[in-house]
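Undergrad: Next come the chains, spelled out residue by residue.
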Amino acid sequence: MNTSGTVFDIGYQRYDGEREGRSRSRKAIFKDGVRTALGFGRGGKAKVLPWFFIGVLTMIGLVMAIIAGAANMMGGPGAADRNNIPSHGDYYGIVSIIVFVFAAVVGPELLCPDRRNGTINLYLVRPLLGSDYVAARWAAFLTVMLGTLWLPQLVLFLGRAGGDVSPGVYVQKHWLDIPRFLLAGAAMAAYATSLSLLIASFTKRRAYASVFMVGLFVITTPFTVGLAGEMKGALGQWLSMFTLSSIPLHVSDIIFGKPSELTDRAPAKALGSTVLVGWFLLWTFGAAALLWRRYRRLTP
Amino acid sequence: MASERPLLAVERLTKRYANVVALDDVTFAIHDGITGILGENGAGKSTTIRIVLGLTRPTSGTATVLGRNAFEDIEVRQRIGYMPEHDCLPSHVSAAEFLTHMAETSGIPPAAARTRAADTLRHVGLFEERYRAIGGYSTGMKQRVKLAQALVHDPAFVFLDEPTAGLDPAGREEMLALIRKTHREFGISVLFSSHLMGDVERTCDRIIVLQGGRLVRSGEVEQFTQETETVFIEVDENREALVEALERRGVRVASERSGLTIEGPDESVYDLVRDALVEAKAPLRRMAPRKHALTEIFERTGEHAKPAEVA
Chain C
307 MNTSGTVFDI GYQRYDGERE GRSRSRKAIF KDGVRTALGF GRGGKAKVLP
357 WFFIGVLTMI GLVMAIIAGA ANMMGGPGAA DRNNIPSHGD YYGIVSIIVF
407 VFAAVVGPEL LCPDRRNGTI NLYLVRPLLG SDYVAARWAA FLTVMLGTLW
457 LPQLVLFLGR AGGDVSPGVY VQKHWLDIPR FLLAGAAMAA YATSLSLLIA
507 SFTKRRAYAS VFMVGLFVIT TPFTVGLAGE MKGALGQWLS MFTLSSIPLH
557 VSDIIFGKPS ELTDRAPAKA LGSTVLVGWF LLWTFGAAAL LWRRYRRLTP
Chain Y
5 MASERPLLAV ERLTKRYANV VALDDVTFAI HDGITGILGE NGAGKSTTIR
55 IVLGLTRPTS GTATVLGRNA FEDIEVRQRI GYMPEHDCLP SHVSAAEFLT
105 HMAETSGIPP AAARTRAADT LRHVGLFEER YRAIGGYSTG MKQRVKLAQA
155 LVHDPAFVFL DEPTAGLDPA GREEMLALIR KTHREFGISV LFSSHLMGDV
205 ERTCDRIIVL QGGRLVRSGE VEQFTQETET VFIEVDENRE ALVEALERRG
255 VRVASERSGL TIEGPDESVY DLVRDALVEA KAPLRRMAPR KHALTEIFER
305 TGEHAKPAEV A
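In order, the protein sequence lines correspond to chains C and Y.
Just remember that this note's numbering sits 306 ahead of the position in the first sequence, which is counted from 1.
Just remember that this note's numbering sits 4 ahead of the position in the second sequence, which is counted from 1.
Just chain Y, with the same shape it has in the complex (with noise of 0.2 Å):
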């Protein structure tokens, strides 16, 4: 269940570099749950952590986590956890040395910080491995080093940033199933930011999509894919024909290679692709109801892809 306040509060943020908009009048709140940041390289993902992490100054608009802005507050950034997309592991020193000094630079005293560093490893599978110098890793293993020290002081809130990044299709669905079991285990609250749709859609509760630096879409995932319902056709014979009388009904129909899609949810949809049929002389193989995957919602959008230009 959501909180009354967000986690996480963005209200009309804009970022100018130069004569580029990084963000464009973005506004989004997060609760309680993992959230998805969706978008292409370029679309914003990236400035709107920096800019929450208190890293980079917005040129307008505000950004608070747990209700502080950490530009002014960097005390906040004690219950913050960061896991970088690009390296940032030192490669000659242990996990377990390098948790314990990540969890001291995050104000947790010296002894805690030890047995925090233990639980983090053996949270993220790396217990056996904590004395051995991570420059001997593999690149899964030195991801899970990353999500380890974002998580090891504790925060209320994490951001991943593209946490799956070279990771082998084994090694992802390990850091999914950490990121879920991290939330819904553990209750730390997630931003995970991503381009791979397919890992959003299997691990988030909600998505905010931003393209070219502006806001397109923000809601739960259940209810991004509801609404685009759609009903699938496959005909043996005659596929042209029921396109058109389709067509004559006033049905949007798409084709695809295996078969026909006609927009939903409307119930009355289904007696015209019965006429329809019918007139066409189709033999009806399959019919049936159809999510849309976030990758269909996602190249719907893509006209907004680019960077804004100023003026």
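Next up, chain C with everything else stripped away, as it sits in the complex (with noise of 0.2 Å):
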């Protein structure tokens, strides 16, 4: 047998096959931000953090399946729903703190070290706008964040099911509790990709994008709350409005018809559905247009 052999060098070949212009520079700044959030592609230190939360949000879920499927082996059929036990309703408020720090760790790094490290200007360059980048950054981050919505209440709604005495009874009278919570997460990670990401629109350094993000939410709560309890009458609805945490809670409890633990008090409840998600829509939206015009006229 000849065992010898040549080996070429190919080395540089040139390109003639399809280019896909725009559309696949979109969808590749899309499936790098996925990347990018999710650690993947990345060393193990990028990994920590976005799985910790994650862990950390599925397993809240998963620990209020087995309370509710414990309370119905305690106390019969229904008990769970009887005596209240928490539920999909009030999953997103359990976890809203949660949430937004993961979005405030999470969401700078798609945007944050783009810009410190120039990679910025080689996107630029190619056959993409800064809208273009910007808006798939968002997408981006926003579907790692309904993955991290979503997933938990999944696992509850499972694990409710699993754990009640006749799964598709449960199945049947409580289907409707899924879109309610597709729905209610769709909002709450819109929410929380907006503002993640139009704090990082203003700093190269993620951590302060990070720590600005933390401050908003975590300082400025018990502030609005203590001053709008204070206030009576219109004032005080309106300051509890500023409770920046409670804006996409206050549409997930419109969603699910009932409050949550964390809204029931609320003084803005009192200016009715239509003002509550018209201002949850205008700090979205409004946050997402501020992102896109930051970038839609970026140059290296």
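Because the hints were derived from the structure by calculation, they are not lab data.
Some hints here could point you the wrong way.
Here are some of the chain C residues that sit facing chain Y, going by a computed Cβ distance under 8 Å [what the hints assert, rightly or not]: (1) Q319; (2) R325; (3) A334; (4) F336; (5) V340; (6) R421; (7) N423; (8) L430; (9) L434.
For each residue, glycine too, the CB sits at the ideal point set by N, CA and C.
Hints are included, so try docking the two chains, each in its own frame, into the full complex.
TA: Written as structure tokens, this is what we have:
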């Protein structure tokens, strides 16, 4: 047998295949955004934070399912519902602060390093506009946020169905919770994505953006809640609207048709559903529009 | 051989920023080959490149690359490569991952992008290191990654902004060799901006000289150096007497540390030198024609070095 052979270094080759232009370019930025947010293609350290948060949020959903299952076991069928054991409508309220911290920590990773490293200069000389870039990044982080928020709700639903005496009856009775938690999760994801990326667009340093957003949510909440409690009437109600962590939760309450523990006593509720939804849309799409505007004319 | 339609055409290009004219009525065309765009900091090199890439709108004039205006038609950027002067690389990803991503952002489908990334990294000599994070690379390796990302989508035309910046002499030679190879073996035309005239002289076929936002000169490198042929004379003694004898004969002579230079290329100058040497009784050690380096050409036009101010 002839074992000798020749190794050819084919090296650089000309490319005469398909070029997909701007649409491929946007898809590439989107794909890279999802991978960056989840730490794929990066070292182990980059995976720690996002997967820690995803793990904690999913674990909370699982624990809620276990508690409901235990309540049903001890109190008989339907005991979890009768005793108001927290369920889908309460989940987003329970985890809201963790979700906003997740958005604050992971969101800036999609924008800040590109400007700090100068990689944005390479994107903007490709078949891509600044607005394409930021829209693809926004969509990428929204996708990650949706997955992060929907997965625990799915675990909770399956856990509660599985822990029920008759899972089929549970699904039949509660199937409407699925579109509700999908819609409420989408509202919360869009809100957190827009604010997180807007804040990140003002600095090249991820840490500054993260600290600012955490501060904005964690520090302003007791402030506005306290002040709104002191003031009576319309002023108190509008002050209550500035509790940033509650803005998407009011929408969640409207979707589920009942208030959660966090928003039940908020004076803002008196302003009505239209105002609450409008306020949510203003913050979410206002932040997204401002973000888009900041990147629209960006040049290296 | 130059193709009929220029790859890059700049016509009466002017760019004003507040009260500074960055480019002032610049016109040139670039065909196939390696072209150097030469000028000091603030000469207008980067502004020209930014306008051609479609990143900045000119105040007036037009710039087209591959026959299209990159500001209005961004799809043309699929066929253009750009290597910026400054840092532009992420530190936490591998070169293979980064190049695949950059190929995709240039419009190449994912499967082809992976192949292109590997081929291009082999071309720049980083194939063995392709799975290491870029943050751990040396300056020279990072410059190669920067070049690779400009080539990964197989552009027809590539802009290299100060590609040898920050490199040691060996790294510089390797980078210049890569640039030559990129054109000569793969047919990719290059516009290479630099303030290092030696790099341009050794690498480019043609040069464009910008100063203070104005086009000072443009043409073949060979033509530049031939046009400015001089005769170099070295004598053992009586150098001052020789200078006087030459000047009496109407010869323009410049004194250097090691000898005298006389403007050519008129051959009658040799007769005049012979007569002057006899008159000055200056023993001739050496007389030879000499071409100017680009450095000398550049020094002659130094009076335009400052950006033009708008009144």
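Undergrad: Now tell me, hint by hint, if it's right for this structure.
TA: To see whether the hints hold, each was checked on the structure:
Look at Q319(C): its Cβ gets to within about 5 Å of chain Y, closer than 8 Å, so that hint holds up. Taking 8 Å as the C-beta contact cut-off toward chain Y, the hint placing R325(C) at the interface holds, the least distance being around 4 Å. The closest approach between the C-beta of A334(C) and any C-beta of chain Y is roughly 4 Å, which is under the 8 Å cut-off, so the hint is satisfied. Among the interface hints, the one on F336(C) is violated; its C-beta lies about 10 Å from the nearest C-beta in chain Y, farther than the 8 Å criterion.
Given hint, V340(C) at the interface with chain Y, is violated; its Cβ is 12 Å from that chain's nearest Cβ, farther than 8 Å. A cut of 8 Å between beta carbons decides the hint on R421(C): the least distance to chain Y is about 11 Å, and the hint is violated. At a threshold of 8 Å, the smallest CB-CB gap from N423(C) to chain Y is about 5 Å, leaving the interface hint in force. Given hint, L430(C) at the interface with chain Y, holds; its Cβ is 6 Å from that chain's nearest Cβ, closer than 8 Å.
Given hint, L434(C) at the interface with chain Y, holds; its Cβ is 6 Å from that chain's nearest Cβ, closer than 8 Å.
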